[in-house]
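Visitor: This is what each chain is made of:
Protein chains: 2
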Amino acid sequence: MDFTIRAATLEDCEDIRRMMSELAEYQKVADQVTITQKDLEQDGFSKKPFFHAIITEVPEQHKTKDGHTKIGYSIYFYTYSSWKGRAVFMEDLYVMPEFRGKGIGKALMSKIAQLRDILMFLKCLLGRAAGCTQLNFTVLNWNKTALDFYQNQGSVDVTSDLGYHYMCCHGDAFQKMADSDP
Amino acid sequence: MDFTIRAATLEDCEDIRRMMSELAEYQKVADQVTITQKDLEQDGFSKKPFFHAIITEVPEQHKTKDGHTKIGYSIYFYTYSSWKGRAVFMEDLYVMPEFRGKGIGKALMSKIAQLRDILMFLKCLLGRAAGCTQLNFTVLNWNKTALDFYQNQGSVDVTSDLGYHYMCCHGDAFQKMADSDP
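Here the protein sequences come in this chain order: A and B.
Residues 206 to 387 in my numbering are what the first sequence spells out, letter by letter.
Residues 206 to 387 in my numbering are what the second sequence spells out, letter by letter.
Take the hints with a grain of salt, since some may be wrong.
Identical copies look the same in the list; a pair holds intra-copy or inter-copy alike.
Claimed, not checked - Pairs of lysine-lysine residues, derived as PhoX-like cross-links and limited to a Cα-Cα distance of at most 25 Å, are as follows: (1) Lys311 - Lys268; (2) Lys233 - Lys270; (3) Lys307 - Lys270; (4) Lys289 - Lys270; (5) Lys289 - Lys233; (6) Lys316 - Lys253; (7) Lys270 - Lys316; (8) Lys349 - Lys243; (9) Lys268 - Lys307; (10) Lys311 - Lys252; (11) Lys381 - Lys233; (12) Lys349 - Lys381; (13) Lys252 - Lys289.
Source of the hints: derived by calculation from the structure; they are not laboratory data.
Required output: the full structure, derived from the provided sequences and hints.
Guide: In structure tokens, the structure reads:
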């Protein structure tokens, strides 16, 4: 099936928010998602964006029964590893169920990995340091399809292999932490 | 004990790199760390830094037997949660062993949580959206002291509670992913 991948624009935020809900439903965490389309518009498409996004589109003839042609996306941002240096974190990778198994997920991931090469190109151009050396993300341990998919691409489960647990401090605890005077 | 926390500068990179090695030794991952002092200088202190760092200093009279007064640090950067929006990721939090149990770790973490308020202040000033709502990080599951410390601050173990595993694609696998043509 034909599909294209391109950088997302402001006009894609409605579809990204829709697909974020679909992903959260699938991951059984829909109640956790409070982000709005406006948040995405502000945070991803201002002068200093907090994230970047790419989107997959299919031609009109393959649109879903609800009329959608934007059928997959990925959200990522640059991070830093104190072991290896520059890195990319893939926050979301999603392809609508009826379009899975066609190489779209792999193509989205590949696009993000290629950013390293873009950074390396910039290095030559601007004298900046080399690009990213790794891609990080999280996956639900009960989602065998996703785990298999990522491991088939050579990804390593850092939690299983080394015991790293992902932690979060939010809500009142985060407020309290900010309020305590060091 | 008196201590101060301040934003790190280029001149702190030697000490940050030294403490990164100490942290990696403690975490039994010293062989994984390939980052250099020069990487830190380039990546953290250019016009578009990949990370931010804060450092703890003690007065001369409390210096270590090796003469160090810079005895703790934290590295962090802004990330994005597709559930909640703007977030901070704390890549490292380290206090030299002889200075633990004095509230320095908590003070470093608190400093990072306060960044949310700084962002909120900027919102009023610049009309930007509200600041970060959560702090994320990883911790080794065998490091009970660290786990207890973080949980005492109200942090939640997302891996244990929801099953999220932290994944990494690097080296040849990352190269191969970038090379595959979507």
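Visitor: For every hint, state whether the structure bears it out.
Guide: Hints and how they fare:
Taking the closest pair of Cα atoms, Lys311 and Lys268 come within 25 Å of each other only inside a single copy of the chain (20 Å); across copies the shortest separation is 52 Å, beyond that limit. In this homomeric assembly, Lys233 and Lys270 come within 25 Å of each other (Cα to Cα) only inside a single copy, at 24 Å, whereas the closest approach across copies is 53 Å. With identical chains, the CA atoms of Lys307 and Lys270 are at most 25 Å apart within one copy only, with a shortest distance of 19 Å there and 61 Å across copies. In this homomeric assembly, Lys289 and Lys270 never come within 25 Å of each other (Cα to Cα): the closest approach is 45 Å inside a single copy and 30 Å across copies.
Taking identical chains as interchangeable, the C-alpha atoms of Lys289 and Lys233 lie at most 25 Å apart only when they sit on different chains, with a minimum of 16 Å there against 33 Å within one chain. Both within a single protomer and between protomers do Lys316 and Lys253 lie at most 25 Å apart by alpha-carbon distance, with minima of 22 Å and 22 Å respectively. Taking the closest pair of Cα atoms, Lys270 and Lys316 never come within 25 Å of each other, the shortest separation being 28 Å inside a single copy and 50 Å across copies. With identical chains, the CA atoms of Lys349 and Lys243 are never at most 25 Å apart, being 33 Å at best within one copy and 40 Å at best between copies.
Only within a single protomer do Lys268 and Lys307 lie at most 25 Å apart by alpha-carbon distance; the minimum there is 15 Å, versus 60 Å between protomers. Neither within a single protomer nor between protomers do Lys311 and Lys252 lie at most 25 Å apart by alpha-carbon distance, with minima of 29 Å and 33 Å respectively. Within a single copy, Lys381 and Lys233 get their C-alpha atoms no closer than 28 Å, and across copies no closer than 32 Å, so neither meets the 25 Å cut-off. When the C-alpha separation of Lys349 and Lys381 is checked against a cutoff of 25 Å, the pair qualifies only between copies, where the shortest distance is 23 Å, while the shortest distance within a copy is 37 Å.
Taking the shortest Cα distances, Lys252 and Lys289 sit within 25 Å of each other only across copies (20 Å), while inside one copy they are farther apart (28 Å).
Comparing the model with each numbered hint stated earlier shows that hints 4, 7, 8, 10 and 11 do not hold.
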